[in-house]
Amino acid sequence: MKTEVKTLDFNTDWEYSPALESTDHIHIQEPTDLFISGEFIPGVRGKYFETINPANEEKIANVAEAEKADVDLAVKAARKAYDNVWSKMKPTERGKYIFRIARLIQERAREFAVIESLDGGKPIRESRDVDVPLSAAHFFYYAGWADKLEYAFPGRDAHPVGVAGQIIPWNFPLLMAAWKLAPALATGNTVVLKPAETTPLTAMKLAEIIQECDLPPGVVNIINGGGNTGQALVEHADVDKIAFTGSTEVGKFIMKTVVGTGKKYTLELGGKAANILFDDAPVDQAVEGIVNGIFFNQGHVCCAGSRLFVQENIAENVISKLKERMETLIVGDPLDKNTDIGAINSKIQLDKIKMYVDIGQKEGGSIFQSPCSLPKMGYWHAPTLFTDVSQSHRIVQEEIFGPVLAIQTFRTVDEVIMKANNTPYGLSGGVWTDKGSKIFSLSKKIRAGVIWANTFNKFDPSAPFGGYKESGLGREGGVEGLMPYVNLV
Amino acid sequence: MQSGTPTYTRNIDQVNAQERVTKLFSRSIKKESKIVALNTVLRMIDLTTLEGKDSQGKVKQLCYKAAHLHDQFSNLPNVAAICVYPPMVPVAKKALNGTGINVASVATAFPSGMTSLDTKLEEVKTVVAAGADEVDMVISRGKFLQGEYDWVSDEIAKVKEACGEAHLKVILESGELVTLDNVRLASDLAMAAGADFIKTSTGKVSPAATPSVVLIMLEAIRDFYKQTGKKIGMKPAGGVSKAKLAVQYLVMVRETLGQDWLSPDLFRFGASSLANDVIMQIVKQSTGVYQSTNYFSID
Chain A
1 MKTEVKTLDF
11 NTDWEYSPAL
21 ESTDHIHIQE
31 PTDLFISGEF
41 IPGVRGKYFE
51 TINPANEEKI
61 ANVAEAEKAD
71 VDLAVKAARK
81 AYDNVWSKMK
91 PTERGKYIFR
101 IARLIQERAR
111 EFAVIESLDG
121 GKPIRESRDV
131 DVPLSAAHFF
141 YYAGWADKLE
151 YAFPGRDAHP
161 VGVAGQIIPW
171 NFPLLMAAWK
181 LAPALATGNT
191 VVLKPAETTP
201 LTAMKLAEII
211 QECDLPPGVV
221 NIINGGGNTG
231 QALVEHADVD
241 KIAFTGSTEV
251 GKFIMKTVVG
261 TGKKYTLELG
271 GKAANILFDD
281 APVDQAVEGI
291 VNGIFFNQGH
301 VCCAGSRLFV
311 QENIAENVIS
321 KLKERMETLI
331 VGDPLDKNTD
341 IGAINSKIQL
351 DKIKMYVDIG
361 QKEGGSIFQS
371 PCSLPKMGYW
381 HAPTLFTDVS
391 QSHRIVQEEI
401 FGPVLAIQTF
411 RTVDEVIMKA
421 NNTPYGLSGG
431 VWTDKGSKIF
441 SLSKKIRAGV
451 IWANTFNKFD
461 PSAPFGGYKE
471 SGLGREGGVE
481 GLMPYVNLV
Chain B
1001 MQSGTPTYTR
1011 NIDQVNAQER
1021 VTKLFSRSIK
1031 KESKIVALNT
1041 VLRMIDLTTL
1051 EGKDSQGKVK
1061 QLCYKAAHLH
1071 DQFSNLPNVA
1081 AICVYPPMVP
1091 VAKKALNGTG
1101 INVASVATAF
1111 PSGMTSLDTK
1121 LEEVKTVVAA
1131 GADEVDMVIS
1141 RGKFLQGEYD
1151 WVSDEIAKVK
1161 EACGEAHLKV
1171 ILESGELVTL
1181 DNVRLASDLA
1191 MAAGADFIKT
1201 STGKVSPAAT
1211 PSVVLIMLEA
1221 IRDFYKQTGK
1231 KIGMKPAGGV
1241 SKAKLAVQYL
1251 VMVRETLGQD
1261 WLSPDLFRFG
1271 ASSLANDVIM
1281 QIVKQSTGVY
1291 QSTNYFSID
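Chains as they are written, first to last, in this note's numbering: chain A, 1 to 489; chain B, 1001 to 1299.
Misleading hints may appear alongside valid ones.
[As the list claims (entries may be wrong)] Chain B side only, calculated, beta carbon under 10 Å to chain A, not exhaustive: (1) Ile1029; (2) Gly1052; (3) Leu1250; (4) Thr1256; (5) Ser1273.
[Stated by the list, open to error] Chain A residues, not near chain B, derived (Cβ > 12 Å throughout): (6) Asn11; (7) Asp13; (8) Thr23; (9) Ile41; (10) Ala69; (11) Glu93; (12) Glu111; (13) Gly289; (14) Glu363; (15) Val413; (16) Leu488.
No wet-lab data here; the hints were simulated from the structure. Even for Gly, the Cβ is constructed at its ideal location relative to N, Cα and C.
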């Protein structure tokens, strides 16, 4: 017998008043120039582009755009610093600089968090509690390795690779800069880093800190620009290693470009993770995990749990709980401390998400969206889920990179493993069960770089991260994260 | 499978429950929303004195305080109830006459519950006859931990019957049940056996109400409502002495159960010193400065 569904009323008389984080204490350089050889300098041709706040479409700053000539300057500066200073420095000294960067990030955590939310649209709660502390943690972690490489690679000599060209995405701008810079510096490489063009500001704030740390000029150079700037960096003959995080499409282009040049490369690309919920899982906590898996950072997460598989006998209950939970998500001003879901990073990304939601409906999926009101200005998308979809639906196959969850059910373990692996991606996955044996068996059989058990989207500097198949190659984080930046002799 | 029997499991993941608590408790409640919350908290308080040395005089003072929280500040609401030991019920009933404030009495050999069922039922009937509007019973934790769930369940049902018209709050004493799995199971048993409210603790065992225990009990209430349509109340007791924590619990209630539970009909705080801290915050919101505790009566 089916019981009647009772509804809860979350539209309560008691509402939370706005709790805005102050922006008084932040300082953004206007214009924001390129950081080359320890100095902030305009581009060779003096071109600037605007970076805007996606929550209200207002301009925040003009940012210098690096042309080919600027890339060349940056690489030359990095080469010089590598040859003359950084590769020769005692590892303990290198470590000191990296520790100093970590401490300064902590000291100025609030400023970083506010700028990250302003420039990228993510809720202040996440930038404050996740992005910034984790960024500092990465520098601390790799600072510790700087003088202990002989323990990371026993019996071998770890030599730096040289000049690393690093290109990072817009979803975790500061954190990705930390992921890239920390291991490169710890192993004795110098760097030219290119942040994403929609989110350059926290990386440039990091440049200020690097300057304040007295890091020798040219060890870290940060240049801004779009695809052309990135391409110039990838194609530059004097770059020894490319580290890229971003789309699979660009990743493939990079692979084609560097093949035969002798450049080392690591790619951290897209994902379409399976989050698998068994009937013996702790349901209420699993629902939190599903929410965190797909709606964290507006779903702009390469390892997001965007494909949910629920065991058939609990599906109705789980989906009803999930919908109810989505009603309590607060969508709005990223600077409000109570905001759960912020703004979509850019117009382009919003259009892409809308396109997929449209495709999902046209292909016959049943849609549910949080009944939230969205601000008029800026780029916003309500948390969305689809049921009645299958492995053949495009919204199940392709990476949407937004707050859109596709739900399927399964009956047996073999079935769900088959479906979880039936994707060109393999970055992450999740399993929810009370049974330890199931966790071990599934994490061996699912081809993904990270499997979370009874949790999701948890990161730690000591844990390697990276993908199988079209999700990329190479690992970042942990001892493994040192590998791409050393030549072992 | 019986109709109405839940088809899902009831394992609780402690780490994730705690994580959810942290998220809920990080809500920033400021300005107007804080004032509304503080006033709501006041209306939800069961002002409590449960000491072996309680005197009639102390109970009378407490009752007066319940209806006159801080007369210097107009428009403050009254608390929901006062909570006392059985011999004090007639005293409290008389003192609260005409105030609309309920009298709650602990019963069933509070706090241990270590006596015969007959004695417990007798005690319940006595306090109800003396005018108690609400009865706070304790479950037999020994039997529960022995796995005698039916026994525990039957006992609650019998106490419920003995309560007659009086509202029954069932104290789980989560500090002795230890695990969240146990808390969840005990909550389910108590609600099915007829509890009108489920309550965390006696206040005599440490830890008393903890945030993750309260969350798990609220989630149990949510599932019970979904299955039966019955709205069961919740009462954290012990350890809630600060306004900030009480407001954080309101956030938890709001985002777990919604509108209907943001009322003294379905949510109470069992506390002795909470009221004064809340009043102090309310006065501060109005005047902009904190006053010394000496300006707030300690009854």
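Status of each hint after checking the structure:
| no. | hint | verdict |
| --- | --- | --- |
| 1 | Ile1029 | 6 Å, holds |
| 2 | Gly1052 | 39 Å, violated |
| 3 | Leu1250 | 7 Å, holds |
| 4 | Thr1256 | 8 Å, holds |
| 5 | Ser1273 | 24 Å, violated |
| 6 | Asn11 | 7 Å, violated |
| 7 | Asp13 | 7 Å, violated |
| 8 | Thr23 | 16 Å, holds |
| 9 | Ile41 | 41 Å, holds |
| 10 | Ala69 | 47 Å, holds |
| 11 | Glu93 | 39 Å, holds |
| 12 | Glu111 | 19 Å, holds |
| 13 | Gly289 | 7 Å, violated |
| 14 | Glu363 | 30 Å, holds |
| 15 | Val413 | 17 Å, holds |
| 16 | Leu488 | 38 Å, holds |
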